[in-house]
Amino acid sequence: MNIIPKRIIWILMLGVVFIFSACTGQIKTESGVINKLGLDSGIQIRSHFNEDGTLKTDPELENAMVGYDFRITALRGYTADNGIKVAQVSIMNKTSSSLNLQYRFSWLDANGIEIAPGTGVWLTKQFFSYETKNLSGVARSSRAQQVIVYVKENN
Amino acid sequence: MKLNRIILLVFLVLSLVGCATTSSGPVSYQDPGAAKPLTTNFGFSDLNQIAANMVNDMLSHPATVDITRSRRPLVVVGKIQNRTDQHIDTKSITDSISTLVLRSGKFRFSHIDSRQQIKDEIDYQNYSGMVNRQTATAEGQGIGAEYIITGKLAAFIARTSRTTEKSYVFTMRLINLQTHVIEWAHEVPIRKVRNRNFFGS
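Chains as they are written, first to last, in our numbering: chain A, -4 to 150; chain B, 1189 to 1389.
If we strip away everything but chain A, and leave its shape as in the complex, we get (with noise of 0.2 Å):
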């Protein structure tokens, strides 16, 4: 009676759970939060920065890349002798097809307001089968506190 073998219906269930798991969803983190906002709108990583001006990659951060073609590999940062905070996210295209990755860096403030609002432009960048780019975000200002990256498929 059983026309499709459990172990397919097995596979397929699996399938399914691996698809939607790169669907929305949010995960909350020690240093912010992590927002999957689906395949075609990528994922958002918002993270503040230590008292000692750095930023230390999340552990949450692999569990979190499942499901999508790229997987950020680590998102740090700095703050520059004159106050101005840097962050470097880690991105490596898990596929062995090239792939158009567009990226955004916001900034916030302490109190979570954005710093000059609308002037953050996609960026787009090419990653070759496999490889791993690093990808660097200024702050425009040193009121930085806290900073958003961006990531997606240039579709």
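Heads up, a few of these hints could be off.
As the list claims (entries may be wrong) - Cut-off 30 Å, straight-line C-alpha distance, at most; resulting in silico cross-link-like pairs (DSSO-like, lysine-lysine): (1) K1307/B / K147/A; (2) K89/A / K23/A; (3) K1340/B / K1380/B; (4) K1224/B / K1340/B; (5) K1279/B / K120/A; (6) K1224/B / K120/A; (7) K128/A / K1340/B; (8) K1/A / K147/A.
No lab work stands behind these hints, which were simulated from the structure alone. Predicted, not measured: the structure shown is a model, and the values here were computed from it.
Assemble the complex: chain A is given as a structure, and chain B must be docked to it using the hints.
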């Protein structure tokens, strides 16, 4: 009679098609920060890409961090050479960059284009007899710039029967006016490729 109807029908269809292709569609607002190039020519999204990359480097490079650690140096933006085959308003690029850098609070700028207007206004305040001398802005109080920004925009074009590739390189330098030393320089390359469709252009 039947032929006339067919001709009339064909005419109607053609006129409707003509309307559909020549009339302009609805207009909508789009995100000015979106990176969506439409042609290989230099456009607004290229300006955004260059400005963002240039400002990132100018604010965080060790050399500029060093000179902005405890003060806000005064900078004047010089001429940007356009070495492309296009008419590109290079002032728009430097205006965009200097506005973003100014808003960071790390540099101050002296505006070359406003100098004549400033002089005219100070002359008016001091010599027209229309302004109370006690409130008039004194002459000769301007501050001399310490640094000048210069640069150039170059383009490289490669074409095959199916592909057009245009690359732009925007270079900027921050030069110490007293010592003539280049304190900082950065270049932002942009590469745009257009593949022709099999049919049409």
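Original post:
Which of the listed hints are not met by the structure?
Top reply: Hints 1 and 8 are the ones this structure does not satisfy, whereas the remaining hints hold.
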